[in-house]
Amino acid sequence: MKVAVFWGCCIQANQYAYEMSLRETLPKFDIDLIDLRETFCCGDPVKSMNEFAATFLAARILALTNLTGLNNLLVPCNRCHFTISEAQDTIKKDPKIAKKVLELLKEEGLEYNPNIKIWHTIDLLHDLVGLEKIKNAVKNPLKGVKIASHVGCQIIRYSDLGRVDNAENPKKLDELIAALGAESIEYPEKLDCCGAALNRSHPDSALSLAGSKLKAVQNLNVGGMAVSCPDCQLMFDAKQKDAGTTVGAKLNVPVVYYTQLLGLALGIDEKKLGLHLNQSPAEELVARIHG
Amino acid sequence: MARIGVYVCHCGLNIAGVVDVEKVAEYAKTLPNVATAKHYTYMCSEPGQKLVQNDIKTHKLDRIVIATCSPRMHEETFRKAVAEAGLNPYLTEIVNLREHVSWPHTHEPEKATEKAKALVRMGVARAQILEPLEKHKVTVEKKVLVVGGGIAGIQASLDLANAGFKVYLVEKSPSIGGRMAQLDKTFPTLDCSACILTPKMVDVAKNENITLHTNAEITSVNGFVGNYEVSILKKPRYIDEKKCVGCELCIKVCPVKVPDKFNENLTERRAVYIHSPHAVPKIATISPEYCLRLKLDKDVCGKCQAACEAKAVDFKQKPETVNIKVGGIIVAVGSEVFDATRMAELGYGRFKNVITNMEFERISDASGPTGGKIHNPKDGKTPKTIAFIQCVGSRDKRFHEYCCRVGCMITLKQTILAREKIHENIRIYVCYIDLRAFGKGYDEFYTRAREMDIDFIAGVPSEIHEKPDGSLYFDVYDKSTNKLVQINPDLVVLGTGLVPNRDLEKISTLLHASRSSDGFLLEAHPKLRPLESAVAGVFLAGACQGPKDIPDTVAQASGAAAKAIGLLSTGEIEIEPLKAVVDKDLCSGCRICESICPFVAIEMKTEKVKGEEKLRAEVIEAVCQGCGACSSACPTSAIKIQQYGNKQILTQVDAGLAEACAEGGK
Amino acid sequence: MSIVDLMSMTKPNLEARKKILAKLKGKELANCFQCMKCTSGCTALKLLELKPNEIVKLVNLGFVDELPNSDIIWTCVTCLKCVERCPQKASPYHIIMALRNLAVEKEAKVPEGFLKAVSQILETGLAEPPQKIVTRKMETVDRECLNLPKIRFPKESFQAALMKAMEEK
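Which chain is which? The protein sequence lines are R, S and L, in order.
The first sequence begins at 132 in this note's numbering and counts up one residue at a time.
The second sequence begins at 8 in this note's numbering and counts up one residue at a time.
The third sequence begins at 2 in this note's numbering and counts up one residue at a time.
To be clear, the hints were calculated from the coordinates, so they are not data collected in a lab.
Fair warning: this is a prediction, and the values are worked out from it, not measured in the lab.
Cβ coordinates follow ideal geometry from the N, Cα and C atoms, glycine included.
Don't take each hint at face value.
[Claimed, not checked] Quick look at which bits of chain L chain R covers, simulated, 3 or more residues with Cβ under 8 Å:
id: 1; region: 73-83
id: 2; region: 122-136
id: 3; region: 145-157
Generate the whole structure from the sequences, applying the supplied hints.
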């Protein structure tokens, strides 16, 4: 099945492992990722400057999706997914804004399509592909290794917009982890925010938030943490050392993308999944899985 | 030739403040067949009515048009006045210049006056072809059905019985008592709930005028005000009610343990059980969904039957239907408690020591699961810190927008009980949004709580968490001190509000009683008619109409009983003649009206017409509500509502358009 | 003049409040009854003292002018917990976004990080350029050596369109 894909800035600028693991794993479930004609920012940082411009950028993504002729768009980043979903909702409900956006798009010869279904990695795998298919495709089950799942904020909130999972009791990522033969545990800090949004204004506080959560996860003595958003991975993985310094703790938590775990369970080569790119000790998690 | 009197009411400034009433009266004089046209400040007042009555005599009027407020306000008043002057009351036409003119068009007085003139013109045209009609009298049953055996149903039943009325009290569960039976103490007096309730329950059981059907539900309601036919389904208890003495021997030997709903699932009961500690009637009941013999339909167990010395156990008992005839119905089915699992962030259902007000009540009750000792459900210890969180599920657009009215007082009561029962100096916190202590003695009760060293935090938490060691904690921002505090309670009590009973859907369908947008039963008028539904003969009492405390419930129940007594006491009622009527010559027997009528008020009767047998529609006048659906559906215009036939409506339309100019396309 | 803040001698700016209300379309600023749920659960409260309830109340009373100049509106983590849980659907997050837009409009101080991102987007389409990153084994890699497809930067018309969009108030 062909699905259009929008990567956003973070994944294309430095979170390469997410793109690599998605491009490696999805074809195993007959999903063909089709890139859009252009790539650009979804509008997330622009939102704080001018909400209309952000709506326009997101609408432009949907207009470019329209050019592919496909009705399904995968947006693997939580923040992009939220921004595009909110823009779609705004255009549906506010005829004044819709008119202005559509006119701007027309000037570039682009046409907005309101019927595009916006997917995230989690619901694409959980709802479209399905847990059964994933379970059946597993070659190397993850041997009951304990994982702390971090689903993130903008993918489950706010419910009224229609998000990917239940806001107070999200279970899809945990079920996806369980489908690989691992165990996703419950922990009080499960829904705590990674703090990435503060990177542009209060980077120390961002690190403090990430560090607090990592500290809590470290105390759980699990095999690692699984995320599915490049911003969250940036905070917990790439910035783990700095986060540790900020909260005064020595952090040593393997943090991986769910799709990297999925790839391991499917028997795909580690390098192809970008596991060498993780800054956190991912090799410890891999060892536990293979061991 | 009709002689019409037109009266334009000022309604103080309500109408006259916008409409030029003098001009309208002057205009009315120019209309055909208008013998006199006047305007006056308050037509509904005594001098106003006298004005009409005198004019009927002096001007020999035979039609009256009163241009005033909504007919729902004073149509009856004017009809009575006209009747007193010797004219048929149904020759009075009300034109609404308030709700239809001065109120919606307050800012356009000129246009409003023109509209008023047009409406008067239409009223005058219609008045000419009104027909004189008579009310009919129908005998009524001096019997009342009370649905629901909580304090509302109990109070209403006793009031009715004491007034000499026969009462059928139908209660869904095996015992009457309802919510109040589950309470430990009641605010603000801290009366023991069972102590004030059980005497009334016993009175109900003993009263000769009350027939009590427990473990029963109503399944069908037919008929009309004064003459309802109701079917009651008595669900089998599998115990012979006449033989059981309530000795409880059967309970002791039953091997099946199930959650005890009366104790809010904090304890277990057996498959054969007595509903509550002070059950009335004190007769055992077997739950067929739990009992091994009944569930499996096999000849197993039967220990209860063996143990029963009165030989009261009867596994073969069948449901029984009882048909009754009553004049009125009082709905008193109560409400339910909000399901706090819906607010997942508070941890109810996940954390054992997060409980609801109702669960705390059972714990506090001496006849409850802990013998009245305040213990944490998780470890049975006495809590050292208790936190109450208000407005759980209420005042919340995600769940229920209304204020539950009782949450604050319940929590205040429970904090006082906790303080009195636990002698160590424990900390008790109440996290609130607004603290509502509105009733008699209520604010004094709030003062009492504060004086007992209970801490009030102005703010509610967002979520509750559990530490690895199983202890609870939550952050809450107190807006009085501007501090973010973390509370580590041993026990959290959620102020879960009252929500509409899930049976209301069934009840509202059975009785045609509508519900308001909050889900509770809708009263006929929120200010002036809070005790009755819009359906004649159906009255509302207690929390089924809206969440309320015991004093308000009892007051409403007695009021509903008084209303029923007022309706039925003379033994007969008058039926409004504005009902559907069939012109048999035009009726083709197509049955469209019968299928459309939402009140099942139309019957098809076979009649001999010119030697042939033909099907003709016939209206059951007393059931017909005059909605007009049949009239608009009838292909031959054979059926019409009295006073609202095609001629009468179309004449009005023609008069309305007579001076109109059409403007389109804006 | 019906009300004045005696500490700062400011009067409410009801025009600004009206504009913010118009932007919120259904997120009921006016309904907030100060239950404190948003602030009690605010991710940014402990570290940065963000009190969403205070911001909502200030805007509601019209005391808008002091907010675009303050740093507090840039402390929101956008976790959206306040939007999710508010019993009156007052959404402090959306009010904070509207205040940020107002700060940009009034040319008050906006954090560098945002200004840099926006100028990058205007220039290249992306908020940050593709980087070379270092593996755990201290090797430097980039998109090309990882066999990732080339980035399809936007056409020329993109910049003009975005600039036009940014002129909307």
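Hint check:
1. 73-83: holds (count 8)
2. 122-136: holds (count 10)
3. 145-157: As far as the region 145-157 of chain L goes, the hint holds, because 8 residues have Cβ atoms under 8 Å from chain R.
When each numbered hint is compared with the structure, no violation occurs for any of them.
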